[in-house]
Amino acid sequence: MAVLEVRDMGIRFGGLVALDAVNIDVPEWEIVGLIGPNGAGKTTLFNCIMGLYQPNSGTVAYRGKDVSLLPTHRRVAMGIGRTFQNIGLVRELTVIENMMIAQHARIGYGAMAGIFGSARSFAEERKLKAYGLDVLDFLGLADLAKEKLDGLPYGTLKLLEIGTVLATDPDLVLLDEPSSGMGPEEAHQLGERLLKLRQTLNLTVLMIEHHVPLVVGVCDYVYVLNFGKVLTEGKPKQVQAHPEVIAAYLGSEAEKVEADAREIRDESGAGLAPASDGGKERDRGLS
Amino acid sequence: MTSATEVLSPVEARTGPRPSTRGWIVRIGVMIVLAGIVLWRVATIEPFWADRFALAAIYGIIGLSLNVVLGYTGQVSLGHHAFVGLSAFLSAFFVTEKGQSFWIGLLLATLAGALSAGLLGLVALRIRGLYLSLITLTYGFVAVNSIFDIPALTRGGAGMPAPRPSEFATEHKFALLCFLFLGLVLWIDWRMMKTKVGRAVLAVKQSEAVAASYAVSVTGYKVLGFMVSGAFAGLAGSLFAHRATTVVSADFSFREALIWVLMVVVGGLGNRTGVVIGSMFFALFPFLVGLVNPLEHFVIDTMGKDPEELTLVIGPALALLTIILYPGGIGEQISPITRWFRGEKFSLHPDGHKPKAKKPHRVPALLRRLAGRGK
Amino acid sequence: MRSAIVTGIVAALIGLVLVLGGGAENGPNPFVTLGVLNGAIYGLVALGLVLVYKGTRVFNFAQGEFGTLAAFFLFFSIDSRYGGLPYPVGIAIALTGVLLIGLAMERVIIRPLINAPRVTVLVTTIAMALLLVGIEILAFKAEPRSLSPMIQAIDQAGNVNTIQIFDLAVEPQRLIGLGVLAAFGVMLAFFFSRTDLGLAVLATSQDSFATKVVGIGVERMSRFIWATAAVLGAVAGILYVPLTGALTPAVMTQNILIPAFTGAVLGGMTSLPGAFVGGVVIGFVQAVSLWASSTWHVGERAIQEILPGSEQLAILVVLLVVLLARPQGLLGRET
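Chains A, B and C supply the protein sequences, listed in that same order.
Remember, our numbering sits 205 above the position in the first sequence when you count from 1.
Remember, our numbering sits 8 above the position in the second sequence when you count from 1.
Remember, our numbering sits 166 above the position in the third sequence when you count from 1.
Hints may contain errors.
To be verified - Residues from chain B that face chain C, not an exhaustive set, calculated with beta carbons under 10 Å:
#	residue
1	Trp57
2	Ala151
3	Leu318
Said to hold, decoys possible - With a cut-off of at most 30 Å between alpha-carbon atoms, the simulated BS3-like pairs for lysine-lysine come out as follows:
#	chain 1	residue 1	chain 2	residue 2
4	A	Lys334	A	Lys440
5	B	Lys202	A	Lys332
6	A	Lys334	A	Lys401
7	C	Lys307	B	Lys213
8	A	Lys440	A	Lys401
9	B	Lys202	B	Lys213
10	A	Lys334	B	Lys106
11	B	Lys181	A	Lys334
12	B	Lys213	B	Lys106
13	B	Lys353	A	Lys353
14	A	Lys334	B	Lys353
15	A	Lys401	A	Lys442
16	A	Lys270	A	Lys351
17	A	Lys353	B	Lys213
18	A	Lys434	A	Lys353
19	A	Lys351	A	Lys334
20	A	Lys332	A	Lys440
21	A	Lys351	A	Lys332
22	B	Lys202	B	Lys106
23	A	Lys351	B	Lys181
24	B	Lys202	A	Lys440
25	B	Lys106	A	Lys353
26	A	Lys351	B	Lys106
27	A	Lys334	A	Lys353
28	A	Lys434	A	Lys332
29	A	Lys332	A	Lys353
30	A	Lys332	B	Lys213
31	B	Lys181	A	Lys332
In case anyone wonders, no lab produced these hints; they're calculated from the structure.
We put the beta carbon where it would ideally sit given N, CA and C, even for glycine.
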């Protein structure tokens, strides 16, 4: 049983068919890539998986449980995290407040208790803040805790978004173009970081990406979406060699891409295998 | 693994030091002194003014109520007079017709406000923005023209009596009661926004998709926002009724509701302190003119106008001024003080930045021409 | 094509009710006829609302007050205690006055906010409306006055000028209203489909950025839209206020704005013929609910006595139903 099973997903907007009979499997602890040209329906697929859109057909199963009718916030509470193309942070809140709201699903007091200021709510708020600061510390963003989000550089915001997603304590993470806006160096480091996080936190990842070396270097499996349909799927190398995919993306860049990908894999040393004592690694958290 | 800070460009930490214990004691001390001065003044002033101050406190609560909807959830409610009025009538009804105590009437009024606003919240799940404002405006008209006309509830034109509780029957005591409740509402608003509710509501306002990705129940918090606003409005309604001791339908008109929206805008959307100050200003303005004798003479004798009518022009004019030139309202203007209370070092400009020089094209060309500076 | 069909259907329905109701003793037709005529005024105001919405995506809450102001200007021009001028002159003064005020407001208030969020502009039009009401109270005092219609129902000489439609004696003013609405409808339809400026306004309402790029003057467009809206509002005021019997500050906003908005939403906020149709339908709905609540009884008492204000309630119901079931209205397009 895969962590995520998408079956026969179809959605249309007016006359436009955005997704058509899409089937995706994301097995546990794998990093699965989702590539395709702009407008292929990748973000739409994410929105359907999360429940932000109601598909016209198809189902989504998370760890064997059909979540197709659940509202988004319930799916998130079950363990699915998601980043956004345009940075999914709440700009009205400060950095630390974003980290605190990320823990919303696990807050130990009710809304009413919060409104009337019960003793429990004060204590819980302190805990949330402490954990939030821990995560920020881990990311090297601790001194920005009280800052508002405007004015912070794009790279910082992207990093912060990863922090908030991790703070929701997910099992499955949907990343929407995590390397967008990054140069080759940063994308490299992102790749390493992803592999490390997958190992230490036992994450399963479904990733929309355009940065081909990253995909080839990090993903265990790749789906190619085009015009709302799955064009092909397979291991990155296979997909890379697929004539239609080459025609669409890689062209003569294929060899250079292969070299970059090898570099990422070698440098991180984390390879593709999950942690052997998965449970214990996870409980240690991020510190 | 390379650390994040090596990859990112350096950002100056602008947070600054936290105040010492002594710093907090000074701040809390100043707050207590200020509150004390206000309350002492309310308790010792002539009854006429105490009564007006009671109205100011009630307006403050109404302002805070609208601020929850308008400032925190970002929806426009043009029918708040329906919530306040309904609660006022209910409170009076339960005390007069059903023999309940003032406190029960108050509680029921608050609940009624919360429930009816909650209903509106449910409607707001499907209908957004400008169209929702239309619904609220229409609902307000319906309330005034039908619900407020039900004889059993309102005793027709004569109005429904609303006696004050014996412990707080005098003008002074009732005014202090109103201020007490204003303090309570402020505290609840503060706690609400500081905890998960506040974060959730602001997240939902900004982006429902992002809020949902934080496991925030979008529908739940939208309705909750409306219910809290309704509870505040209901409380204000009950106090309003018992201050006036008779509730008449004419007290609640759509123009009142619109003026309340404007007073929240002038106060500064989302800014608690500013909204309270703005609301009190709107409540007291007609009488403030009376305080300054020369001004009063000028208005009444030279201009031949009633000072109350002047408010009807000054209020909207201030709102327009705020929107066009000073969007943060009063709240923005007093922000150096509020930020100091929150624990930052006192400085006239946030983050050590000077405010942007006012760009010339922001001043409408017409005004520049009037100022004689040509085109 | 589609709008022509729907307009035709609605007109036929209304005509059917009017014709079928002919001759019935207690039938709805006096109410209905009145309702449709009222609806003409609603339609006129709705046209202004839709125009502003099409051009700027904003709800103009001040649309009603353009009418009240016009009525005041007219009153003070023609009343023997003040101006004593002939009626047509009064109308000219009223229209010009409101037009100038509309242009002034556009320049000083609307233009600086051209890129502000829509909620802000909404609150701005509310403030504008209240400002106008405040000025009216301050300048003209709140006592009710009586503004006479263009053609008196019963004039000085005792002649009766009303026109009989079935069982109802209709004042000429109402029929003039219907005629004016039709005239404006045709004019605007012609304008939007044939003239350059009209097409530009339509283009702006669909994609304002593109029109800016192409070079159509956004400022000129804004001026035009507000000027026309002001004139439409003024005309509505001139037609309607004499029929209410009392000219008081905020009279138009109080009586007309909500039905007009509902009519605009019903017809489709992006459709000009929709505004026309929607306004008339709302007048019809209002009339029918008034008739129903006064003639239908629960036990001994008419519905009206138990729950007054049913006309408003009916309008709220229509508004809710439209916004929940078909937000783009009868003739509007998906926004």
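Consistency of the hints with the structure:
1. Trp57: violated, 25 Å
2. Ala151: holds, 9 Å
3. Leu318: holds, 7 Å
4. A:Lys334 with A:Lys440: violated, 42 Å
5. B:Lys202 with A:Lys332: With a Cα-Cα distance of about 14 Å, the restraint between Lys202 of chain B and Lys332 of chain A holds, given a limit of 30 Å.
6. A:Lys334 with A:Lys401: With Cα atoms ~25 Å apart, Lys334 of chain A and Lys401 of chain A stay inside 30 Å; holds.
7. C:Lys307 with B:Lys213: Violated - the C-alpha atoms of Lys213 of chain B and Lys307 of chain C are around 42 Å apart, more than 30 Å.
8. A:Lys440 with A:Lys401: The given pair, whose Cα atoms are some 20 Å apart, holds under the 30 Å limit.
9. B:Lys202 with B:Lys213: With a Cα-Cα distance of about 16 Å, the restraint between Lys202 of chain B and Lys213 of chain B holds, given a limit of 30 Å.
10. A:Lys334 with B:Lys106: With a Cα-Cα distance of about 49 Å, the restraint between Lys334 of chain A and Lys106 of chain B is violated, given a limit of 30 Å.
11. B:Lys181 with A:Lys334: With a Cα-Cα distance of about 42 Å, the restraint between Lys181 of chain B and Lys334 of chain A is violated, given a limit of 30 Å.
12. B:Lys213 with B:Lys106: Violated - the C-alpha atoms of Lys106 of chain B and Lys213 of chain B are around 41 Å apart, more than 30 Å.
13. B:Lys353 with A:Lys353: holds, 17 Å
14. A:Lys334 with B:Lys353: holds, 22 Å
15. A:Lys401 with A:Lys442: holds, 22 Å
16. A:Lys270 with A:Lys351: violated, 39 Å
17. A:Lys353 with B:Lys213: Answer holds: Lys353 of chain A to Lys213 of chain B is near 17 Å, not above 30 Å.
18. A:Lys434 with A:Lys353: violated, 41 Å
19. A:Lys351 with A:Lys334: holds, 11 Å
20. A:Lys332 with A:Lys440: violated, 43 Å
21. A:Lys351 with A:Lys332: holds, 16 Å
22. B:Lys202 with B:Lys106: violated, 39 Å
23. A:Lys351 with B:Lys181: At roughly 42 Å apart (the allowed maximum being 30 Å), Lys181 of chain B and Lys351 of chain A break the hint.
24. B:Lys202 with A:Lys440: violated, 48 Å
25. B:Lys106 with A:Lys353: With a Cα-Cα distance of about 52 Å, the restraint between Lys106 of chain B and Lys353 of chain A is violated, given a limit of 30 Å.
26. A:Lys351 with B:Lys106: It is violated: about 53 Å lies between the C-alpha atoms, which goes past 30 Å.
27. A:Lys334 with A:Lys353: holds, 16 Å
28. A:Lys434 with A:Lys332: With Cα atoms ~45 Å apart, Lys434 of chain A and Lys332 of chain A exceed 30 Å; violated.
29. A:Lys332 with A:Lys353: Roughly 21 Å between the alpha carbons, so the hint for Lys332 of chain A and Lys353 of chain A holds.
30. A:Lys332 with B:Lys213: holds, 25 Å
31. B:Lys181 with A:Lys332: Not satisfied, since the Cα-Cα distance of roughly 42 Å exceeds 30 Å.
Going down the numbered hints, you'll see the structure goes against 1, 4, 7, 10, 11, 12, 16, 18, 20, 22, 23, 24, 25, 26, 28, 31, while the others check out.
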